[in-house]
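Please assemble the complex out of the two chains, which come individually in their own frames, going by the hints.
Top to bottom, those sequences are chains A and P.
Per the working numbering, the very first residue in the first sequence carries number 1; after that it's consecutive.
Per the working numbering, the very first residue in the second sequence carries number 1; after that it's consecutive.
If you are wondering where the hints come from, they were derived from the structure by calculation, not from laboratory data.
Note that beta-carbon positions come from the ideal geometry of N, C-alpha and C, so glycine has one too.
Among the hints, erroneous ones may be present.
[To be verified] Residues on chain A that point at chain P, a partial pick, calculated with CB under 10 angstroms:
no.	residue
1	17
2	62
3	103
4	108
5	111
6	188
[Claimed, not checked] In the SDA-like style, the derived pairs of lysine to any residue whose C-alpha atoms are separated by at most 25 angstroms in a straight line are:
no.	chain 1	residue 1	chain 2	residue 2
7	A	105	P	181
8	A	105	P	56
9	A	105	P	64
10	A	105	P	24
11	P	105	P	138
12	P	105	P	182
13	A	105	A	62
14	A	105	P	129
15	A	74	A	34
16	A	105	P	72
17	P	105	P	89
18	A	105	P	182
19	A	105	P	107
20	A	105	A	20
21	P	105	A	102
22	A	105	P	34
23	A	74	A	24
24	A	105	A	118
25	A	105	P	89
26	A	105	P	122
27	A	105	P	151
Now for the letters of each chain:
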Amino acid sequence: MLPTLAGYQLQLPTFEGPLDVLLSLIERERLEISDLSLVNVTEGFLTYISGLHEPPPLLLAEFIGIASRLLVLKSRAMLPRPDVVEIEPDVDDLAAQLKEYQRAKQIAGQLRQNEQSGWRTFTRPVIAPITPPSITLVAPPVAHLRRALLRSLARVRPEPQVAALRSVISIGEMIDRLRRHVGRFRQQSGFHDVFRAADREETIVGFIALLSLWRRGEVECQQDELFGAISFAPVGASFETTSADG
Amino acid sequence: MGEMINATGQQPSLDIVAIEPAASVAVLEALLFATGQPEDIATLAGALGWSQIEVRNGVAALEEALASSERGLVLQRDGERVQLVTDPRFGTPVARLLGMERTTKLSSAALETVALVAYRQPITRAEIEAIRGVDSSGVTATLVARELIEAVGRRTTPGNPVEYRTTGQFLQFFGLTSLEELPQLSDPTAQPVTQRVPDRRGEGAT
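Next up, chain P with everything else stripped away, as it sits in the complex (with noise of 0.2 angstroms):
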């Protein structure tokens, strides 16, 4: 190995099934900074020539190598993207860097709207207005402006409603790694609305 033209006169095989599993960190690494953008676990595994599970196992170690050592970056998850971002702790200097420092803050029924569809996507405005109580169609066109959610389809149920989620940037913008660092996501007690609990009026009006 290592000459250009092998005895057989063919080139070497550029298979990156050649890759050795050490240094799957690496080409990851190298593959999520060249694209900049998110990728998702299919797309990663077909540039790679490996099977998603072994694109899987490769982030998990790309994450905890960027996790254990003081490094820049972190690995940031929407579901099945991954994508190489700054480190959230250094938000302010890259704003700064970048000219991008926030200008204007989202209003307290924007954040609210935000992080019902955060938590409950997809979701769709009656729902998110079922809970909040009160009319939240300018907040929600508000954020699908701000591309915080976006409309992913329909509903099959009446009337069609379009159902929204958080987007790449909601991550970015609130300096998240994944949905799960949300708080009281795992809640196991807590249940959405359309699963009534039943009437327990007899307990204790006392």
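Extracted from the complex, chain A is given alone in its bound form (with noise of 0.2 angstroms):
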């Protein structure tokens, strides 16, 4: 009455696993999911077991487990009643799981319809609110006022003070001054009448330059006494003795 599944061997490609199977089995029979059904397809499914090749330790011991509750029902179903049944509660419900699992793999398929057909729903991105710091202004003590105001003003800066720029003469400068100075004059100058508007830089600048002449006999230099008055003329120009300028 029932086809046998002895050697059936199933040509489907992939199983989730052993209730996977199981279901396959259950549907090519066009079968109720029941105790009676899960019976007949025992040796479906354990013809199923035996042409795995080497399937994962794990995935082993999973259908093995399943393989064994199958063997359960199938023994119950072949022993003889007993008149009184007993209601005992059944733990093992595969029946019922594999029902669970069908309505899963039901659901499961609409997903994936879905997912394929590009059925979905968006919304707008969310825009995050701009919340302005709550802000509530209360008129300040006078004394606090006061206070802010000298602070600023101490923060106030200096007006800049303008640095006046000071040409500054180097002594090979000073040297062709004074060279000019002598070719123009060609007598004897007191180095104090040269430099008397000079300022104290200036003159010690002037000195040296004239000491740099001397050295070069460019000019010869008159002092009658220690920190006397220096006087100086082109070489060759007579020295006036004086001795009133100091």
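Structure follows, in structure tokens:
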């Protein structure tokens, strides 16, 4: 009456586990999921297991677990029944589990269809609201305002001081200047007279320049006494003997 | 009305209670458009100054209004939360516009598992494995990472296992307007595994 499944080889590609195989066997035979159908596909299931080529141990264990439950059902079906059937809770209801699994697979099938057909909803991207910090203005005491004013005044920068640029004369330039002076006057000059208007630095530079000219033999110098007035003149010019200059 | 300042010199009341029921569909549409994310009934009621019943009626009216005319938007419900989303019919062009076309497909194991969570939620991983008959730790983690399911707490049974449920993202991803759209969810003959049917081995082991 019921088709025999001995030697039945499943040609289905891949299964998600033993329940998947079991479900395929039952659906192939167009059976309702029940203990009886499970008994009838037991052999097919065992055949499937024996046809597995080096399955991973974990997967094999799961298959054997289901197989043992099938064999329990089958052995119960084959044994003669007592007249009084004890109603005992069945803690291992494989048929109910398979029905659940079948339902999940059906829903998964629809989800797969939605996924493949691009059936999908979208929302607007959420824009984070801009929340300005709440500010409440309270009039501060006058003393606080005064302090704040003083603080900000203290931070005011002083007026920049304009540094006057002074021209600096080099020794070389000074030597040229003295040469021109000596060349122009061709006579004795008092050092103090020449540098009367000059500042301290210029006077020092002038003195060094004069010494330089003297060393080179371009001028002659005369100083009557220590720290006395210095006179200079081009080489060959005569010095007046002056003692009043001092 | 219509003046900014009325005769007593006070500003007109901006209390939304003043919105007439006839405008409830419009104002709910405005709120759900503005937020762009799921809002629960209570939050909407708070924003509108309405009772939750009024909001529920308004949401139902909006749902019907969107469905009865040729519109590009539909209402998506996830329990107490509602959201305005694009019509799933237009998923492909919208995805193309946003550059969000699907590149990776979910595995069969992932689809099986997410389907189980969808109609048996909240569900623990042990229950998933009891039904699928195979270890499901990896696939559960994948689904959590893809935000299709989420942990929603722990059951007060021994071991305090984590319970999972589907997310709003799940509805979006598969273009469902609510979980009720899934097949067989209302199937009265279906019984969860935990409710054991009596052993009927006596019936015809011929």
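Each hint tested on the structure:
Taken as an interface hint, residue 17 (chain A) checks out: its beta carbon lies about 4 angstroms from the nearest beta carbon of chain P, inside 10 angstroms. Given the 10 angstroms rule on beta carbons, the hint for residue 62 (chain A) holds: about 6 angstroms separates it from the nearest Cβ of chain P. Given hint, residue 103 (chain A) at the interface with chain P, holds; its Cβ is 6 angstroms from that chain's nearest Cβ, closer than 10 angstroms. Residue-level restraint check for residue 108 (chain A) holds (minimum Cβ-Cβ distance to chain P is 4 angstroms; threshold 10 angstroms).
Below 10 angstroms, beta-carbon pairs count as interface contacts, and residue 111 (chain A) has one with chain P at about 5 angstroms; its hint therefore holds. The beta carbon of residue 188 (chain A) is not positioned within 10 angstroms of any beta carbon in chain P (closest approach about 99 angstroms), and the interface hint is therefore violated. At most 25 angstroms may separate the alpha-carbon atoms for a hinted pair to count; residue 105 (chain A) and residue 181 (chain P) meet this at roughly 16 angstroms. Note on residue 105 (chain A) and residue 56 (chain P): the hinted pairing is violated, with a Cα-Cα distance of about 34 angstroms set against a maximum of 25 angstroms.
Distance hint between residue 105 (chain A) and residue 64 (chain P) is unfulfilled; the C-alpha atoms sit about 31 angstroms from each other, more than 25 angstroms. A distance of roughly 41 angstroms separates the Cα atoms of residue 105 (chain A) and residue 24 (chain P); the hinted pair therefore is violated under the 25 angstroms criterion. Between the alpha carbons of residue 105 (chain P) and residue 138 (chain P) the distance comes to roughly 16 angstroms, so the proposed pair stays at or under 25 angstroms and holds. Pair hint residue 105 (chain P) plus residue 182 (chain P) holds up; C-alpha atoms about 20 angstroms apart against a cutoff of 25 angstroms.
For the proposed pair residue 105 (chain A) and residue 62 (chain A), the alpha carbon gap of about 19 angstroms is at most 25 angstroms, so the pair holds. Taking the CA atoms of residue 105 (chain A) and residue 129 (chain P), the gap is near 14 angstroms; set against the 25 angstroms cutoff, the hint holds. Straight-line distance between C-alpha atoms of residue 74 (chain A) and residue 34 (chain A) comes to about 12 angstroms, which keeps the hinted pair within the 25 angstroms bound. For the proposed pair residue 105 (chain A) and residue 72 (chain P), the alpha carbon gap of about 31 angstroms is over 25 angstroms, so the pair is violated.
A hinted pair counts as satisfied when its Cα atoms are at most 25 angstroms apart, and residue 105 (chain P) with residue 89 (chain P) qualifies at roughly 19 angstroms. For the hint pairing residue 105 (chain A) with residue 182 (chain P), the CA-to-CA distance comes to about 12 angstroms; that is within 25 angstroms, so the pair holds. Straight-line distance between C-alpha atoms of residue 105 (chain A) and residue 107 (chain P) comes to about 12 angstroms, which keeps the hinted pair within the 25 angstroms bound. At most 25 angstroms may separate the alpha-carbon atoms for a hinted pair to count; residue 105 (chain A) and residue 20 (chain A) meet this at roughly 9 angstroms.
For the hint linking residue 105 (chain P) to residue 102 (chain A), the alpha-carbon distance of about 21 angstroms falls within 25 angstroms, and the restraint holds. At roughly 38 angstroms between alpha-carbon atoms, residue 105 (chain A) and residue 34 (chain P) are farther apart than 25 angstroms, so this suggested pair is violated. Distance hint between residue 74 (chain A) and residue 24 (chain A) is fulfilled; the C-alpha atoms sit about 19 angstroms from each other, no more than 25 angstroms. Distance restraint check for residue 105 (chain A) and residue 118 (chain A): the Cα-Cα separation of roughly 20 angstroms lies within the 25 angstroms cut-off, and the hinted pair is therefore satisfied.
A distance of roughly 24 angstroms separates the Cα atoms of residue 105 (chain A) and residue 89 (chain P); the hinted pair therefore holds under the 25 angstroms criterion. Restraint check: the Cα-Cα separation between residue 105 (chain A) and residue 122 (chain P) comes to about 18 angstroms, which is no more than 25 angstroms; the hinted pair holds. With a C-alpha separation of about 22 angstroms, the suggested pairing of residue 105 (chain A) with residue 151 (chain P) holds against the 25 angstroms cut-off.
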